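Chains A and B, in that order, are what the protein sequence lines are.
Each residue of the first sequence is one higher than the last, beginning at 91 in the working numbering.
Each residue of the second sequence is one higher than the last, beginning at 71 in the working numbering.
Hint data in this document are derived by calculation from the structure and do not stem from the laboratory.
Treat the numbers as computed from the prediction; the structure is a model and nothing was measured.
Beta carbons are placed, not taken as given, at the ideal position from N, Cα and C, and that holds for glycine.
Warning: the hint list may mix true and false statements.
What the hints assert, rightly or not - Sample of chain B residues lacking proximity to chain A, with all beta carbon distances greater than 12 Å (derived):
id: 1; residue: A87
id: 2; residue: S88
id: 3; residue: Q112
id: 4; residue: T125
id: 5; residue: E134
id: 6; residue: K138
id: 7; residue: R139
id: 8; residue: Q141
id: 9; residue: R147
id: 10; residue: V151
id: 11; residue: D155
id: 12; residue: A156
id: 13; residue: L171
Stated by the list, open to error - Label-pair ranges, simulated between beta-carbon atoms:
id: 14; chain 1: B; residue 1: N167; chain 2: A; residue 2: E93; range: 23 to 33 Å
id: 15; chain 1: A; residue 1: M105; chain 2: B; residue 2: G123; range: 45 to 55 Å
id: 16; chain 1: A; residue 1: P98; chain 2: B; residue 2: T168; range: 24 to 34 Å
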Amino acid sequence: DTEVTQTPKHLVMGMTNKKSLKCEQHMGHRAMYWYKQKAKKPPELMFVYSYEKLSINESVPSRFSPECPNSSLLNLHLHALQPEDSALYLCASSQGEGGKNIQYFGAGTRLSVL
Amino acid sequence: AQSVTQPDIHITVSEGASLELRCNYSYGATPYLFWYVQSPGQGLQLLLKYFSGDTLVQGIKGFEAEFKRSQSSFNLRKPSVHWSDAAEYFCAVQTYNTDKLIFGTGTRLQVFP
Numbered sequence: 091d092t093e094v095t096q097t098p099k100h101l102v103m104g105m106t107n108k109k110s111l112k113c114e115q116h117m118g119h120r121a122m123y124w125y126k127q128k129a130k131k132p133p134e135l136m137f138v139y140s141y142e143k144l145s146i147n148e149s150v151p152s153r154f155s156p157e158c159p160n161s162s163l164l165n166l167h168l169h170a171l172q173p174e175d176s177a178l179y180l181c182a183s184s185q186g187e188g189g190k191n192i193q194y195f196g197a198g199t200r201l202s203v204l
Numbered sequence: 071a072q073s074v075t076q077p078d079i080h081i082t083v084s085e086g087a088s089l090e091l092r093c094n095y096s097y098g099a100t101p102y103l104f105w106y107v108q109s110p111g112q113g114l115q116l117l118l119k120y121f122s123g124d125t126l127v128q129g130i131k132g133f134e135a136e137f138k139r140s141q142s143s144f145n146l147r148k149p150s151v152h153w154s155d156a157a158e159y160f161c162a163v164q165t166y167n168t169d170k171l172i173f174g175t176g177t178r179l180q181v182f183p
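Chain B extracted, bound-state conformation (with noise of 0.2 Å):
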């Protein structure tokens, strides 16, 4: 079956300081791939996919994703964190013959200044 997972809970940064969150994901072919970001209180706001192609992913806000098949990892970052992006990062992947989305546990990012 598949599944999502993202290793880190919670991560704390300084404004200004580069970021990396973690995803690995567990399927037989290649996923279609997506990270979204969740506010507190508000829906999910896509911040880019993967479907196939460039391995490098630029996203909206400054962000950027890299599939690396050998190691089913699709990691999101960002090389210089803003408060604003302090929110809930979700990691999730999509079977090509399906409607569902399988998404991680989440990642909650904290940005002190």
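The following block holds chain A by itself, in its conformation from the complex (with noise of 0.2 Å):
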């Protein structure tokens, strides 16, 4: 089972909510990311944790605030977003860190914020 679950699946947001997306994977996997995906372009990572750290913040603004409680799940926590930030966003997981490591993506959740 390769099975990466995000939730929602869709959501809309006004520019003052916190809302929070939520990643799962129960496939032991250690390493566990984030990415935004505008409309008809690659997927750009935001973040990775490994071993239930943060190892890789790119750059990403404050507004988006990550957390990982355990190895099986990721959370994104979302404040006073911008209607730029509306995309499609990712969650990934692998076994772990470095390269040769297979990232298994969830469907990820619709994200409109008006």
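Hints given; two lone chains; assemble the complex.
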């Protein structure tokens, strides 16, 4: 089973709202990722967690706040977003750090910021 | 810096025709190479990967890809395309010591009956 589950599938929020995206995997993977994908563009890496510690932050604005409560769960907390943050947010996981690790992606959360 | 180029933004083929999607990478050593497919509004599904060894790799759904070091290429092929293959295809490269996947800009495949 190579399933990464993301909830919700769709989310609409105002610029003053606080919401969270959730990602879960039960493959025993120790690395988890958040990507942002705008329409007709490739995914862009936002954050990497390795062994529940933040290892990469690609200079993402502080209105995006990741959290890894345990090795199976990854959250992305959203606050005071802008309309340009509307995108597909993808979560991925892999066995470990470094190269030669296959990243398995979830179906994504489609976020619209009004 | 590492980069991936997919020269074809959009390709249209007839069902049953053969397919080749191009991918070129820029990296000083042999990278790890991947092809992912994305249906509209969906996540990315891994089609195949190359780490080392045999330069012709087989993947799911009848796809294969060939790594050519001399051309820094990793082209994706399928001998006979099905209508369900219509999707966005991304080539990606990963260096040996990082978690980062660097994606190409993608190729949108349209299949006509």
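Here is how each hint holds up against the structure:
| no. | hint | verdict |
| --- | --- | --- |
| 1 | A87 | holds (24 Å) |
| 2 | S88 | holds (25 Å) |
| 3 | Q112 | violated (6 Å) |
| 4 | T125 | holds (17 Å) |
| 5 | E134 | holds (17 Å) |
| 6 | K138 | holds (20 Å) |
| 7 | R139 | holds (17 Å) |
| 8 | Q141 | holds (21 Å) |
| 9 | R147 | holds (21 Å) |
| 10 | V151 | holds (21 Å) |
| 11 | D155 | holds (18 Å) |
| 12 | A156 | holds (15 Å) |
| 13 | L171 | violated (6 Å) |
| 14 | B:N167 / A:E93: 23 to 33 Å | holds (28 Å) |
| 15 | A:M105 / B:G123: 45 to 55 Å | holds (51 Å) |
| 16 | A:P98 / B:T168: 24 to 34 Å | holds (31 Å) |
Going through the hint list in order, the structure does not satisfy hints 3 and 13.
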